[in-house]
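Visitor: Using the sequences plus the hints, can you model the full thing?
Number of protein chains: 4
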Amino acid sequence: MTHSRPGHQFLHSPGPTHVPLAVMQAMANQPMDLADPRLNGIIDRVEAGLKRLLNTESANIFLYAANGHGAWEAVISNLIAPGQTVLVPGTGHFSESWAVQTEAMGGHVIRTPWVEGLSIDVAAVERVLREDTEHKIVAVFAVHTDTASSISSDLLALRAVLDAVKHPALFVVDVVASLGASRFSMHEVGANVVLGASQKGLMCPPGLGFAAADARAMAVCEANPTPRFYWDWRLRVSEFSYRKFCGTPPQTLLMGLDAALELIFHEGVDQVLARHQLIKRMVHAAVACWSQGGALHFLASDPASRSASVTAVAVGPGANPEALRTLARERFDVALAGGLGQLAGRVFRIGHMGDINAPMILGCLGGVEAALRVQRVPIGSGALEAAVACLVAG
Amino acid sequence: MTHSRPGHQFLHSPGPTHVPLAVMQAMANQPMDLADPRLNGIIDRVEAGLKRLLNTESANIFLYAANGHGAWEAVISNLIAPGQTVLVPGTGHFSESWAVQTEAMGGHVIRTPWVEGLSIDVAAVERVLREDTEHKIVAVFAVHTDTASSISSDLLALRAVLDAVKHPALFVVDVVASLGASRFSMHEVGANVVLGASQKGLMCPPGLGFAAADARAMAVCEANPTPRFYWDWRLRVSEFSYRKFCGTPPQTLLMGLDAALELIFHEGVDQVLARHQLIKRMVHAAVACWSQGGALHFLASDPASRSASVTAVAVGPGANPEALRTLARERFDVALAGGLGQLAGRVFRIGHMGDINAPMILGCLGGVEAALRVQRVPIGSGALEAAVACLVAG
Amino acid sequence: MTHSRPGHQFLHSPGPTHVPLAVMQAMANQPMDLADPRLNGIIDRVEAGLKRLLNTESANIFLYAANGHGAWEAVISNLIAPGQTVLVPGTGHFSESWAVQTEAMGGHVIRTPWVEGLSIDVAAVERVLREDTEHKIVAVFAVHTDTASSISSDLLALRAVLDAVKHPALFVVDVVASLGASRFSMHEVGANVVLGASQKGLMCPPGLGFAAADARAMAVCEANPTPRFYWDWRLRVSEFSYRKFCGTPPQTLLMGLDAALELIFHEGVDQVLARHQLIKRMVHAAVACWSQGGALHFLASDPASRSASVTAVAVGPGANPEALRTLARERFDVALAGGLGQLAGRVFRIGHMGDINAPMILGCLGGVEAALRVQRVPIGSGALEAAVACLVAG
Amino acid sequence: MTHSRPGHQFLHSPGPTHVPLAVMQAMANQPMDLADPRLNGIIDRVEAGLKRLLNTESANIFLYAANGHGAWEAVISNLIAPGQTVLVPGTGHFSESWAVQTEAMGGHVIRTPWVEGLSIDVAAVERVLREDTEHKIVAVFAVHTDTASSISSDLLALRAVLDAVKHPALFVVDVVASLGASRFSMHEVGANVVLGASQKGLMCPPGLGFAAADARAMAVCEANPTPRFYWDWRLRVSEFSYRKFCGTPPQTLLMGLDAALELIFHEGVDQVLARHQLIKRMVHAAVACWSQGGALHFLASDPASRSASVTAVAVGPGANPEALRTLARERFDVALAGGLGQLAGRVFRIGHMGDINAPMILGCLGGVEAALRVQRVPIGSGALEAAVACLVAG
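Residue numbers (full-length UniProt numbering), protein chains in the order written: chain S, 1 to 394; chain X, 1 to 394; chain F, 1 to 394; chain L, 1 to 394.
Simulated from the structure, these hints should not be mistaken for laboratory data.
Just so you know, not all the hints are guaranteed correct.
[Claimed, not checked] Per the computed footprint, the stretches of chain F lying under chain L, defined by three or more beta-carbons under 8 Å from a beta-carbon of chain L, are:
1. 10-21
2. 221-233
3. 309-319
4. 328-340
5. 345-359
[As the list claims (entries may be wrong)] In silico lysine-lysine, DSSO-like type, Cα no more than 30 Å apart, as pairs:
6. S:K244 / L:K244
7. F:K244 / X:K244
8. X:K166 / X:K51
[What the hints assert, rightly or not] Chain F regions said to be covered by chain X (calculated; three or more residues, Cβ under 8 Å):
9. 27-36
10. 83-96
11. 101-109
12. 248-257
Cβ atoms here follow ideal geometry from the backbone N, Cα and C, with glycine treated the same way.
Guide: Below you can see the structure in the form of structure tokens.
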């Protein structure tokens, strides 16, 4: 047993998230020999399900035994030749991490600045693209929801800018923290490549990453001389699972994702997103109440940019978010996330995506409130009742 | 899948209760052939664990594939010959059910009346015993915690009465709804027989009942001519599991109970009981707040009699507890219990025993509050914050 | 972990049997509150599935948290008033056990003798019935397949005798060891009551027994004054699960049986029976080869009486079947059964029913052969190849 | 359900292999937030366990959400700068695949030829090394057990050659198919880097790869300018799990590997290896018998080179191994592997490593024999009895 404490442990990290029983049980099936047609059936369903969820008919799906950083490496190595330029609009810790990884892989990165609390500066992106009259920028790498800042950016606005400027850069979108929680359509935003991972809105354990690439992206990949093999989309376009996965497929996680996608479509994508909106409103209502004590506030200043997946709460100098997390987890059975990068020690984050319902978030918020009160952080009252009121309003 | 709704389903019936993963996983082991020494190991550990939990060194443990009513039938058929008299002190629906079952088995039952909201009338018990100068009463059947009324009675007071009157009746205690939640010691209360079941404080699925019988009870059993076989303790005193269980043992549930007892002793019995007290205080704080709206009140009028396992909330004429339950379960993922017998349609009950922790009960209470508000039941405010305050106070 | 040995443990006891993953996973669902309509759905499906499998349209199904002996007790207490007479045709240890239990419950039992190696002596049954001109015999209790002798009797022949003699006794059939393995139709054999249990051909853990009773049996039950409550069919005829089960239903085992019945109907009852016939032929081929060594032989002398569920192998004076079992289990990971009653120390038994396929029985037979060779029991050669030949022949 | 067929499915692919219940259950634990100290505990135990199993005290362990090809990519990108030279001794399909991948990553590869049926040509390796007087060869990439040919090579002989020639090349060993089945000691063979994967002798699902690198290898890595990030050991040397895994760790598979290593050490490494030797002898005895029919033979001509993990059986022109596999899987519930690369259509392979015991391999061999007989492949008789004889001999 990894947890010896009694009762359900409330996992409110913004990834990994709570894994539903149906997914756990799918993963408890024994593996199969690689020629078993049932394995191909699973892979086919996962690919078709991801395409349906991403709203793309024609993109190629590439699945990796990897986390989100592995999916980044796949995208970088397939699309960016050493020395080529990428524009990374600032969204917080994750846009910066992606930029750093791109540089490590030999790319040249132009960043637009991230102002704490704000989403992508679309005007800055437009300026950079307009200045790039030689079209040196081969791709824009945009993080839809930055897990660290809990801010979602407006992908349609970015698309509009690319169109307005008539810039041919590939539009590459990271939906790791948004897929399954926020509305996303590869078709609508005109993304050429989308990448994600299993352990957030997809309700699976970590260990599976994916990329979806359209024809333009495939052409760029074909022409890209970067040495690569494991990640190489050219080799992975195949009917044979052993080539699709460059070796043995991660069957167990695929069985899990197959079941998770079935859960999503069984509930209905619209219902899943509406559920996330309701849960988000409950969290926001509670944080707004707490904020009235003067010691906490939403990191995301614009309510419209607050993500459906996670909420970062900035704390004042007196509070200690890492001690809060330990208290919440070890005494109140609620696991939260902390601040990353420049936000370390200054925020705590409440994950609220995936396999979640109303009493789960109420239990989480109650545990957070208890921890805040034990820490004597001044908070406003009525937070839980405000969350219940959102629930009652529906 | 039996549940298609997303997220953890909050089970707050007062039996069955939430089954911990360790118990579920123990039950996922394959059965064994009946001569496998590992099976005897499991049975030995379960018997020793129950004796430790009941605080008895010498009692015989009899385990049945049965629910609590089966355990009653075992006790009745082993102890009571047709026509013999039993005193059943009134505790609510369950004392009455036990009395009815005893009568159906041929016993003669004397009842002390149950006054709604009150625990066992110890003075009435004393009167009955004093009047029984011929010692026709062969046993007193006392329910420790009546699951329907959510009231616990004072077993030591009953013991004191038996001693004061010097009545030789067997003292038989039903701990189905209290064991693992409230302090109980077979030794301290001088019980001759104790019976229980798996699906409440013992955190297992329903299907396993047990009785513990001391030497006096065994002697009564030996002398009892009632025709019986499956339940018969005389046949079940054996080293062979096949005889202990009058046939094939319910191995899976035994594996589960073995794991559940290990969890209890790993946490520590005192810690388990203290956790139940904390959770109880949280529930009581919330119900007290709600009550200020004038439409609800504790069924148990004496706070000292309110059980650590379950809380029955009486509702006024305007409210519909069965509709409340449906709403809470189907819209808010919180399963409650309703009223039984004379309480049907007049109470709802919140189970809070077994594998439970703070955010679980907060989620439950939040779901109940939401359902009450949707039903427009007038309730006082601040219930959830009051529960959190108990948690913070520790 | 109950088993620390590596690899799949081959369980070839004739109950409990190997539990399929789908059943294990169904049982890993959390319990439900007793008013949850999903619980009624499970119970309805289980009742309908048992009726379909038993081939009865009108019988009432009564499910018990109990083993097969509990189902016997239910049948005895509902049908037989103290002093009434029952005819129990001899089939081996289980007919005798049933007779003993009936006597303990106050019944008067007439037995036809069991000749070791033979099935029910139909002529003897006919004689007893013909002699009973006053129709004192209220019921015939027939074991379809005696697990201890591994012999199945001809129920249609018994039916024919009852009809020929025009005896009004209830025909009560124990299908504990045959249901799901051998063809059985309540309608065809004109059984008034059928009883069974979960842990054999039904592929569930032990702990669930059932009885099916037709209108004549229900009328007998109604008129029967025997004191009873837990087992009482009169009380259990109800729409409410709490009354159907005389208290809390054993939800987990019901979920398991629901899944098991779905597996049976998904495979197809005819296919399930054909699979058992194939496996039986494989076992018989191996035992026939071993027998040529002179030290072993089929306990059942008539090949037609050898059951589809289990095969009892009689051993000569030199062999020690209990040591063989220990050797097979602890060294070769194959669990067998031994001899019961008068057969103790003289037979070992190979269970081959339920969730079983060809390589499972080959692994079992290989382990048995290894254990026999280690014990230096003289056996003929070619057993495993003979089993494979049956498999190839299909 | 992925498998609708009744009974245990016998998985005898040489990876993935049967996953024990303890591993499955460990993986059924919910994930944790990334700061939960329990996660670090799991990672620490896995690293320590792998070091113990590999017999190295000082090597760094790097764990990847990846399959074996991912582990190859990690090793190549960390050790080999573009244009540098690697010697890959021929062992079959997997040495060739590794060579191709190294070339795709920019390396220059010298191969020693693989002669079908033989292990590494140590004399050829020595010649190449002696000729490399300028020490252009920076590493020797040796596959311990080639899963495709089922041949193990003599690593100590390779070590002796490196020492004799005094060549400074790094000695990099792939133990994907041997670890947990064959004796291996990083210390004894003087390997600088070892790589493996989860889904073979380590009894876990596929999806987890690892590399162990000693100080010399770390120094080469430090100096290697190859652009890389996800695989980069320099970044992964950290106390923080998020850096160790370049993002979210694959918690579920780590929980599984933790449990699997515990199983190995609980059984004892020597016992695990002895068990594999016994199972191997059983397989060899059966294949030797079958071979007498003239249509089959061991691919590995030297008995000493036949691996403890898998046995490749070469079939004559008349036989169709792919049809055999389908027959074995779909009719007899035994899953085998086929031929890869130049062996496609000419061999079938029996995996016999990991969580395996005697009746499992007997069931497998019985299923294979049945399939061969259905295919009318001429085979010698007595195969299963010969396997049992090995078992009896112990």
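Visitor: Now tell me if each hint is right for this structure.
Guide: How the hints compare with the structure:
Coverage of the segment 10-21 of chain F by chain L holds in this model, with 4 residues showing a Cβ closer than 8 Å to a Cβ of that chain against a need of three. For the segment 221-233 of chain F, the proposed coverage by chain L is not satisfied: 0 residues have a C-beta within less than 8 Å of a C-beta in that chain, short of the threshold of three. With 0 residues having a beta carbon nearer than 8 Å to a beta carbon of chain L, the segment 309-319 of chain F misses the requirement of three or more and the stated coverage is violated. Proximity of the segment 328-340 of chain F to chain L, defined as three or more residues with a beta carbon under 8 Å from a beta carbon of that chain, is established by the 3 residues found.
Taking a C-beta to C-beta cut-off of 8 Å, the segment 345-359 of chain F contributes 5 residues in contact with chain L, enough for the three needed, and the coverage statement holds. Taken as a hint, the K244 (chain S) and K244 (chain L) pair is honoured in the structure, with Cα atoms around 26 Å apart against an allowance of 30 Å. For a cut-off of 30 Å, the pair hint linking K244 (chain F) to K244 (chain X) stands: about 26 Å separates their Cα positions. Note on K166 (chain X) and K51 (chain X): the hinted pairing holds, with a Cα-Cα distance of about 27 Å set against a maximum of 30 Å.
Counting residues of the segment 27-36 of chain F whose C-beta sits closer than 8 Å to any C-beta of chain X gives 10, which meets the bar of three, so the coverage hint holds. Evaluation of the coverage hint for the segment 83-96 of chain F: breached, as 0 residues show C-beta separations to chain X shorter than 8 Å, against a requirement of three. Here's how the segment 101-109 of chain F fares: 4 of its residues keep a CB closer than 8 Å to some CB of chain X, so the rule of at least three is met and the hint holds. Only when three residues or more bring their CB closer than 8 Å to a CB of chain X does the claim for the segment 248-257 of chain F stand; here the count is 7, and the claim holds.
Violated hints, in rising order: 2, 3 and 10; the structure is consistent with all others.
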